[in-house]
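A.B. asks: So you can see what is in the structure, the chains are spelled out below.
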Amino acid sequence: MAKKIRPDGKEKVTGRLKYLTDLAFSNMLYGKILRSPYPHARILSISTDKARQLPGVQAVITHKDVPGLNGFGIVTPDQPVLCKDIVRYVGDAVAAVAADSVETATRALELIHVQYAPLPVLDSPEKALEEGAPLLHPNGNVLHRAGFQKGDIESEFAKCAAIVEETYHVPRQLHAYMETEGGVIVPEKDGSLTVYVGTQHGFKDRFQLARILGMPEEHIRVVSSPMGGSFGGKDELNIQPYGALLALSTGKPVKIHQTRQESIRSSIKRHPMKITMKTGIDQDGRLRAHQTTIVADTGAYATLGPAILDFAVEHTSGPYMIPAVDTKGISVFTNNGVSGEFRGFGGNQVTFALEGQIDRLAAAIGMDSVEMRRLNIRREHDLGPLGQQIAETNGALDVLQSAAAVYAEKKPSSQNQDRWKRTGTGMAITMHGGGLGFGRMDPAGGRLSLKEDGKIEISFGFEEAGQGILAVIETITTEQLGCAKEDISIMIGDTSLVPSSGSTTASRGTSMVWHSLQRLKKPFLQKLLTRAARKTGTKEGQLSIGPGGIWENGECRLSFRELASEQAPIVISTQFDFPVSPDPIDSAHFLYTYSGVVAQVEVDLLTGRINVTELHQSLSAGPVVNEMGYLGQIEGGGVMALGYTLMEDVIMADGHYVTENLDSYLIPGIKDVPFNLQVKAVESLPAEDDYGPRGVGEIGTIAVAPAIANAIYDAVGLRVSQLPVKPETVLKSTEERGVLHGSQSSNSGGN
Amino acid sequence: MEANHQTAGGTETVSVSFLLNGEHIQLNVSPVMRAVDLIRGELDQTGTKISCGIGRCGACSILVNGKLAVSCLLLAYQLEGASVITIEGLSDQDEVHPIQKAFLEEGGFQCGYCTPGMVMAAKCLLDSNPEPDRQAIQEALSGNLCRCTGYGGIIRSVQCASSK
Numbered sequence: 001m002a003k004k005i006r007p008d009g010k011e012k013v014t015g016r017l018k019y020l021t022d023l024a025f026s027n028m029l030y031g032k033i034l035r036s037p038y039p040h041a042r043i044l045s046i047s048t049d050k051a052r053q054l055p056g057v058q059a060v061i062t063h064k065d066v067p068g069l070n071g072f073g074i075v076t077p078d079q080p081v082l083c084k085d086i087v088r089y090v091g092d093a094v095a096a097v098a099a100d101s102v103e104t105a106t107r108a109l110e111l112i113h114v115q116y117a118p119l120p121v122l123d124s125p126e127k128a129l130e131e132g133a134p135l136l137h138p139n140g141n142v143l144h145r146a147g148f149q150k151g152d153i154e155s156e157f158a159k160c161a162a163i164v165e166e167t168y169h170v171p172r173q174l175h176a177y178m179e180t181e182g183g184v185i186v187p188e189k190d191g192s193l194t195v196y197v198g199t200q201h202g203f204k205d206r207f208q209l210a211r212i213l214g215m216p217e218e219h220i221r222v223v224s225s226p227m228g229g230s231f232g233g234k235d236e237l238n239i240q241p242y243g244a245l246l247a248l249s250t251g252k253p254v255k256i257h258q259t260r261q262e263s264i265r266s267s268i269k270r271h272p273m274k275i276t277m278k279t280g281i282d283q284d285g286r287l288r289a290h291q292t293t294i295v296a297d298t299g300a301y302a303t304l305g306p307a308i309l310d311f312a313v314e315h316t317s318g319p320y321m322i323p324a325v326d327t328k329g330i331s332v333f334t335n336n337g338v339s340g341e342f343r344g345f346g347g348n349q350v351t352f353a354l355e356g357q358i359d360r361l362a363a364a365i366g367m368d369s370v371e372m373r374r375l376n377i378r379r380e381h382d383l384g385p386l387g388q389q390i391a392e393t394n395g396a397l398d399v400l401q402s403a404a405a406v407y408a409e410k411k412p413s414s415q416n417q418d419r420w421k422r423t424g425t426g427m428a429i430t431m432h433g434g435g436l437g438f439g440r441m442d443p444a445g446g447r448l449s450l451k452e453d454g455k456i457e458i459s460f461g462f463e464e465a466g467q468g469i470l471a472v473i474e475t476i477t478t479e480q481l482g483c484a485k486e487d488i489s490i491m492i493g494d495t496s497l498v499p500s501s502g503s504t505t506a507s508r509g510t511s512m513v514w515h516s517l518q519r520l521k522k523p524f525l526q527k528l529l530t531r532a533a534r535k536t537g538t539k540e541g542q543l544s545i546g547p548g549g550i551w552e553n554g555e556c557r558l559s560f561r562e563l564a565s566e567q568a569p570i571v572i573s574t575q576f577d578f579p580v581s582p583d584p585i586d587s588a589h590f591l592y593t594y595s596g597v598v599a600q601v602e603v604d605l606l607t608g609r610i611n612v613t614e615l616h617q618s619l620s621a622g623p624v625v626n627e628m629g630y631l632g633q634i635e636g637g638g639v640m641a642l643g644y645t646l647m648e649d650v651i652m653a654d655g656h657y658v659t660e661n662l663d664s665y666l667i668p669g670i671k672d673v674p675f676n677l678q679v680k681a682v683e684s685l686p687a688e689d690d691y692g693p694r695g696v697g698e699i700g701t702i703a704v705a706p707a708i709a710n711a712i713y714d715a716v717g718l719r720v721s722q723l724p725v726k727p728e729t730v731l732k733s734t735e736e737r738g739v740l741h742g743s744q745s746s747n748s749g750g751n
Numbered sequence: 001m002e003a004n005h006q007t008a009g010g011t012e013t014v015s016v017s018f019l020l021n022g023e024h025i026q027l028n029v030s031p032v033m034r035a036v037d038l039i040r041g042e043l044d045q046t047g048t049k050i051s052c053g054i055g056r057c058g059a060c061s062i063l064v065n066g067k068l069a070v071s072c073l074l075l076a077y078q079l080e081g082a083s084v085i086t087i088e089g090l091s092d093q094d095e096v097h098p099i100q101k102a103f104l105e106e107g108g109f110q111c112g113y114c115t116p117g118m119v120m121a122a123k124c125l126l127d128s129n130p131e132p133d134r135q136a137i138q139e140a141l142s143g144n145l146c147r148c149t150g151y152g153g154i155i156r157s158v159q160c161a162s163s164k
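So the protein lines, in turn, are chains A and B. The numbering of the first sequence is our numbering, which starts it at 1 and goes up by one. The numbering of the second sequence is our numbering, which starts it at 1 and goes up by one.
Hint data in this document are derived by calculation from the structure and do not stem from the laboratory. The model shown is predicted, which means the values in this text are computed figures rather than measured ones. C-beta atoms are modelled at their ideal positions from N, C-alpha and C, and glycine is treated no differently. Please note that the accuracy of each hint is not assured.
[Claimed, not checked] A few chain B residues that face chain A, going by a derived Cβ cut-off under 10 Å, partial list only: (1) I25; (2) N28; (3) P31; (4) V32; (5) I54; (6) R56; (7) T86; (8) F103; (9) C111; (10) Y113; (11) P116; (12) C146.
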């Protein structure tokens with residue numbers, strides 16, 4: 001069988017694809033950004049004279065050169081483009097330079113003299129919340145509070161046979177997209193600006209840039225795809241404002257491509273969180289009360305910090321029905337970089353804690369953890385975690401059953417041949433909301449045209465970061481219309497050519513492409529057939545769309561080119577919103593995906609090193625659109641989460657980055673991952689479901705950490721409460737309990 | 001290395017000549033220019049990528065005299081007299097290399113940014129070991145990081161290419 005090859009595949013494997021950081025223009029200059037050496041300081045003076053005098057330097061800009069709003073941020077523009085008085089993290093920009101070479105621009109940065117008066121560094125949420133702490137923003141150091149309460153928590157705790165309370169710590173994760181931020185910004189002859197810089201939402205960048213530059217949005221064109229990875233990390237603006245200001249000030253194209261060190265210093269990261277959970281279970285194994293506090297270190301600026309906390313709060317009780325829930329979250333400003341959008345969006349953190357609780361509770365009452373999950377799991381008609389109606393599916397139970405089957409098969413074979421090694425198996429499940437949630441603007445849309453040249457053009461405002469949206473668009477469009485892939489052309493990633501589709505985030509792309517085609521298909525095909533009937537003199541009812549053109553009685557009567565010739569293009573557009581719950585509960589989601597994960601680990605008792613030997617993921621996200629893309633998202637997401645569990649932590653000390661490049665910030669390499677990753681899609685949906693395939697960009701990253709953590713417990717009896725799990729932690733735990741000397745059972749799980 | 005030159009601006013340059021994908025290249029470069037910048041910049045062969053700049057990720061992998069090398073840790077002048085193959089040298093306009101075909105068919109890439117380096121590493125492996133086992137694959141690709149695929153697709157691609 002011929003394999004379905006991605007539309008962007010050949011260009012990628014041959015190296016011919018021009019990423020936006022590969023572009024070059026004549027007379028192009030190179031930009032560099034001067035960032036603060038202090039995590040918190042007052043700016044006393046900025047002197048750029050010497051830098052300006054350096055031969056080859058064409059522009060030096062500071063806060064004085066920002067014509068519009070000196071601030072950015074998708075929701076709240078609280079991050080200065082160029083700082084004037086205060087710097088709040090070591091990535092804050094103070095000046096930028098355009099020069100005729102990277103070397104000259106770099107040298108010029110050294111000639112900019114900025115005098116700072118260092119201020120106290122708030123390097124933890126606890127410090128930032130202390131009374132008398134310096135205020136990082138006018139409204140104080142609390143970015144956002146969120147919470148959810150249902151039931152009578154105290155009376156439910158009173159009914160419990162066991163209560164487990166634990167505090168979980170999760171690290172600051174780097175997206176580590178292979179292509180660092182960059183591109184070229186080109187001033188056009190007509191006074192407009194073309195911004196060739198990757199992003200997850202071209203129109204949003206255009207909106208933000210217009211505000212900064214004091215330019216009408218229509219004068220800015222954002223070319224935003226392809227990207228060498230993003231994972232949420234390029235959702236917020238990064239280098240665009242500096243490139244744009246420098247291009248406008250010099251009248252020449254300006255290229256900025258951050259080095260990895262510059263990228264780590266300035267980019268957003270996954271929120272570190274401290275999560276305390278107190279969860280109670282009755283003697284029958286029913287969860288009764290679940291109390292959680294979440295403290296998120298949001299860093300210096302807002303970006304989407306509030307929405308991430310809301311998401312974490314919503315997902316705190318996961319796919320379980322618990323009568324009393326009390327969740328309180330706080331997102332706190334600090335001088336620790338900037339935390340923001342990252343695949344999973346707050347779900348990863350709370351799921352690690354929740355699924356840790358579930359295994360501890362099962363052990364506490366001596367119940368099989370799978371059975372306990374089954375007893376408490378949500379059913380098809382149950383309300384969502386915030387009490388909202390959600391699209392009904394049996395996904396939670398489906399993935400639990402699927403994972404339980406794998407777990408049952410793997411669990412008994414936990415003996416290791418090597419006397420210095422222990423094997424363990426763990427599982428975890430989760431549910432994850434797609435889309436932005438109730439009460440948030442979440443528009444989608446697309447456009448289908450028969451062009452003059454006979455091509456059927458399908459266009460969206462979505463971005464290709466690597467996830468495979470182009471393959472999804474090709475598959476859904478050809479399947480829905482009945483034409484061949486050669487008949488269509490796909491247009492994305494250019495605000496001058498595509499309709500607005502909303503952001504390429506929140507697992508919404510695949511879902512919204514399918515919903516768009518549902519709306520576009522009928523009117524488009526109708527217009528095609530009406531024209532075809534007129535041209536051929538055949539009744540519409542006898543004609544249909546097929547590969548190459550219009551078909552009648554099993555034969556192609558009219559090619560699309562003939563259909564298009566000498567007539568105006570046929571254009572059908574749609575605009576609609578991502579589906580939300582009928583219940584008006586702020587931020588609540590409606591379309592959920594589900595996953596069940598089983599991990600097997602091998603722990604070396606001598607070194608403490610943990611090797612994940614197997615990773616099985618079962619998913620419920622509706623029908624699979626593109627098998628290779630789906631597999632890739634889940635496998636890749638799983639390994640990214642494996643890194644989160646065992647390796648990755650952007651370490652900061654006193655507000656400074658300690659891990660500055662991929663030599664100290666380690667992401668999984670090929671030797672760190674199971675050789676055979678397993679993915680099982682449970683595609684079934686209720687017959688009446690008309691929401692189609694759900695996106696799977698995030699779900700593969702959510703429940704992996706707790707599955708590995710539970711496997712570590714199974715192997716060596718260590719209850720993991722902090723990520724990443726370091727070999728030192730394993731050794732300390734096993735030594736304390738005498739595991740190595742065999743004086744105690746090493747395998748506390750299940751016996 | 002040939003004689004040093006002075007440019008009009010007074011900056012010292014050195015002459016370097018080598019074969020790039022079979023084509024003879026001769027030019028004067030700064031003695032501190034990295035090979036990756038020569039390839040991507042002066043020679044506009046942007047298939048070779050730059051990501052960490054310190055030899056950790058393998059995105060800039062090329063073959064120098066048949067051996068895998070990270071071009072961010074090589075200086076341009078060090079290519080003197082060498083035969084250099086980059087990703088552009090593996091295929092012509094119409095026909096892709098069997099390894100590239102395997103990556104296409106087995107989902108060995110997503111964003112594609114690590115792919116040129118990964119394909120070069122796979123070529124280096126398969127040139128010397130046409131039927132690598134699991135350990136050999138892991139060893140040969142251990143210097144190349146991929147953030148998208150989790151390596152599943154890459155492993156299947158190399159296995160597929162090796163059986164051909």
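A.B. asks: Given T86/B was flagged as interface, is its beta-carbon under 10 Å from a beta-carbon of chain A?
C.D. replies: holds (7 Å)
A.B. asks: Go through the hint on P31/B and say holds or violated, using the shortest Cβ distance to chain A against 10 Å.
C.D. replies: At about 13 Å, which exceeds the 10 Å cut-off, the nearest Cβ of chain A leaves the hint on P31/B violated.
A.B. asks: Can the hint on Y113/B be confirmed by a CB-to-CB distance to chain A that is less than 10 Å?
C.D. replies: Holds. Min distance 3 Å.
A.B. asks: Classify the hint on V32/B as holds or violated, based on whether any CB of chain A lies nearer than 10 Å to its CB.
C.D. replies: At 9 Å from the nearest chain A Cβ, V32/B passes the 10 Å test, so the hint holds.
A.B. asks: Close enough to count: is the Cβ of I25/B nearer than 10 Å to one in chain A?
C.D. replies: This hint is violated: I25/B lies away from chain A, its Cβ roughly 18 Å from the closest one there, beyond 10 Å.
A.B. asks: Would the hint on N28/B be counted as holding, given a Cβ-Cβ threshold of 10 Å to chain A?
C.D. replies: violated (15 Å)
A.B. asks: Is the shortest C-beta separation between F103/B and chain A less than 10 Å?
C.D. replies: Holds - the Cβ of F103/B comes within 10 Å of chain A, reaching about 5 Å at its closest.
A.B. asks: Against chain A, run the beta carbon of C111/B and see if the smallest gap drops under 10 Å.
C.D. replies: Nearest chain A Cβ about 3 Å off; hint holds.
A.B. asks: Would you settle whether the hint for R56/B is holds or violated, based on the nearest Cβ-Cβ distance to chain A being less than 10 Å?
C.D. replies: OK, holds: R56/B within 10 Å of chain A, min 4 Å.
A.B. asks: Grab the minimum C-beta distance from C146/B to chain A and call the hint holds if it beats 10 Å, violated otherwise.
C.D. replies: At 7 Å from the nearest chain A Cβ, C146/B passes the 10 Å test, so the hint holds.
A.B. asks: Next item in the hint list is I54/B. Is there a CB on chain A closer than 10 Å to its CB?
C.D. replies: This hint holds: I54/B lies near chain A, its Cβ roughly 6 Å from the closest one there, short of 10 Å.
A.B. asks: Double-check P116/B for me: the hint is only fine if its C-beta lies closer than 10 Å to a C-beta in chain A.
C.D. replies: Result: holds, 4 Å to nearest chain A Cβ.
Comparing the model with each numbered hint stated earlier shows that hints 1, 2, 3 do not hold.
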